[in-house]
Amino acid sequence: MYKVLVTGNMVTFALLINSAPHSAQAHAAFRFARAAVGQGYRVIRVFFHGEGVYHALPPSPPGGSEVSLTTRWAELARDANVDLVLCSAAAERRGVWSGESGRAVAEGFRVGGLGQWVEACLQAERTLSFT
Amino acid sequence: MYKVLVTGNMVTFALLINSAPHSAQAHAAFRFARAAVGQGYRVIRVFFHGEGVYHALPPSPPGGSEVSLTTRWAELARDANVDLVLCSAAAERRGVWSGESGRAVAEGFRVGGLGQWVEACLQAERTLSFT
Amino acid sequence: MDGRRFLCVFRRAPHTDAVLREHLDLTLTLAAFEQAVELLFLDDGVYALLPDRQSLPEGPPSPAQLLAALPFYGLEQPPLVERESLLERGLDGEKLLPARHIGRHEVAALLGDADVVLSL
Amino acid sequence: MDGRRFLCVFRRAPHTDAVLREHLDLTLTLAAFEQAVELLFLDDGVYALLPDRQSLPEGPPSPAQLLAALPFYGLEQPPLVERESLLERGLDGEKLLPARHIGRHEVAALLGDADVVLSL
Amino acid sequence: MATLHLVFHPPRGPGVPAWFGRLRTGDAVFLLGDALHGIRENGPWRSLVPPAEGTRFYALKDDLLRRGIAAPDGLNPVDDAGFVALAVEYRTSVTWS
Amino acid sequence: MATLHLVFHPPRGPGVPAWFGRLRTGDAVFLLGDALHGIRENGPWRSLVPPAEGTRFYALKDDLLRRGIAAPDGLNPVDDAGFVALAVEYRTSVTWS
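Protein chains in written order, with the numbering used here: chain D, 1 to 131; chain L, 1001 to 1131; chain Y, 2001 to 2120; chain W, 3001 to 3120; chain G, 4001 to 4097; chain H, 5001 to 5097.
Looking at chain D on its own, in the form it has when it is part of the complex (with noise of 0.2 Å):
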């Protein structure tokens, strides 16, 4: 659970996430969050392209000690209303996400297009890219 302090007029973000779950760049993605959301900004929107996307498979039944970052991805969206969009090109393109088939995705995450990620970077006031 994040506590999430409510302050006036505070700075948004909006995180680009390029990188395979098992990378650098996406654990740091994960823990910027976290803080940030735990510091009371507000993540917009997270969205997920190119290899990014495979963050959006759903996790194996928890068992081993690893809780996988999707896993906690869905709880941070969940408790502090954070977007998580997959690029739907970049899913499809890997086998993720299928519009015809159905294909579901992880809970919490949910596909779009490049114009939502666009629509966050003109929202928010500070962008981040791992990538």
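So these bits of chain H aren't anywhere near chain G, every CB distance computed over 10 Å:
id : residue
1  : F5008
2  : G5026
3  : L5048
4  : A5070
With beta-carbon atoms standing in for the labels, derived distance ranges:
id : chain 1 : residue 1 : chain 2 : residue 2 : range
5  : Y       : E2106     : H       : V5016     : 29 to 35 Å
6  : G       : G4074     : D       : T12       : 27 to 33 Å
7  : G       : G4026     : Y       : A2069     : 35 to 41 Å
8  : D       : E107      : W       : E3034     : 42 to 48 Å
9  : L       : V1011     : H       : G5026     : 17 to 23 Å
10 : L       : D1079     : H       : G5074     : 34 to 40 Å
11 : D       : T12       : G       : G4026     : 21 to 27 Å
12 : D       : S101      : Y       : A2069     : 26 to 32 Å
Just so you know, these hints were derived from the structure itself, not from any lab.
Note that this is a predicted model, so its numbers are computed, not measured.
We treat Cβ as the ideally placed atom computed from N, Cα and C, and that holds for glycine.
On the provided structure of chain D, position chains L, Y, W, G and H as indicated by the hints.
Same frame as chain D, but now just chains L, Y, W, G and H:
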């Protein structure tokens, strides 16, 4: 379709793929295997480890101009009897496969253990790593 | 929504099929939203600016073919390329696609003056 | 099945969580099949041989912790490390985990004399 | 306006890295993950910290601890909240990986 | 026994790459993908081909064509079947990426 020449006493190969499908290494591995089979050599096993397990995500229904490496590997496996094995631990860690939920891997691929890679190394006369 | 100045930084070798294509799609979407967009090629990204020399083997479009589409999406200014990245790779003598050459010391100002930097 | 001499070459920086772990699992499986296995660390792989200095933050096991398990799987010989890779990274003065130091010119013979080389 | 440079890659040779030439006074450098190896005692980036021209260097305490690296003078160890504070302070950021 | 070296990475600086120091007489080098950029007319690896000590260099014709690179003397362009023939000829192979 790949024409398989039947010849005696030819060199056998085992391939290790550690890279995601859109890498140069992944493409080189497929081209190598296709050519080897086309020349009548036997590729006894291809083992997908690390980021290589993303090869086994079921491809999106065809529509675009790109045919995925996943589909091409499956065709090669069928036509030339190549055993495509996914490392179960690496696949589970990345959400590509789950023993408990019965999530399926792409047609032509199967899930196995590291022991199957060792066996392939002991049987094959040549081992190549595409990592 | 206000207009912003975007700087898209291309840092990777372009021939691994989907990468350049996906990054350009993102850039073209910015243009479609009528944003001010600069493309900057540096480090291994500069290899994207090598022209095709002859007819190509079948396969995905070449970097040169992909970049040729930019003007049709309103990106009429040629991209920026960092001179030192070319030099370090022995590409300073090579014929390149049209580009505006800048020095490494000028990159800091481009980064700082943009509203949004996308590292691709 | 006959016995073969395996050379496992570790070339990547080890801290990106799953990578070293997965490569070591593969190596330990070779040992479990009673094969002759040498581990060779070079390029950015040599960072795996830095010992832990103090108690670590919570998280996945450190490279040093992972490597400490090798003897329990029958890999009692310390791994090989390439001297030039250490030197190029300024690690030649650092305290390292136990390893057998070899020169770059010796790597060719190791590669050629192995029955199977796995590049990890 | 000043930029926050996020560096993720380890050193690729003995020379000055390309990103160092793309800094200007007032910029900050955040070394992440394996980039920290650059500033080990004899690492190729050690002499760049702190540079002559007021660029500030930062790293995560966890990343330093995990790699057994003592922060040299001029490198500021921060926690995750410090990372966020930097992203607020600097209007743009760029990633070198 | 001789080894086939599969090189996938582009040059990382002006010097001699680490893999070059790991060759011995009789070994072969196969440059793949972006490694080809190393042997452009002024590329940092151009002078390594052909080396003094009988190492042979190979590349895929397609990779050369796609990057607009003319094969220098001492570099043998082959097709996919040629790649396989090399893997048969050399008993071990190693990948540098």
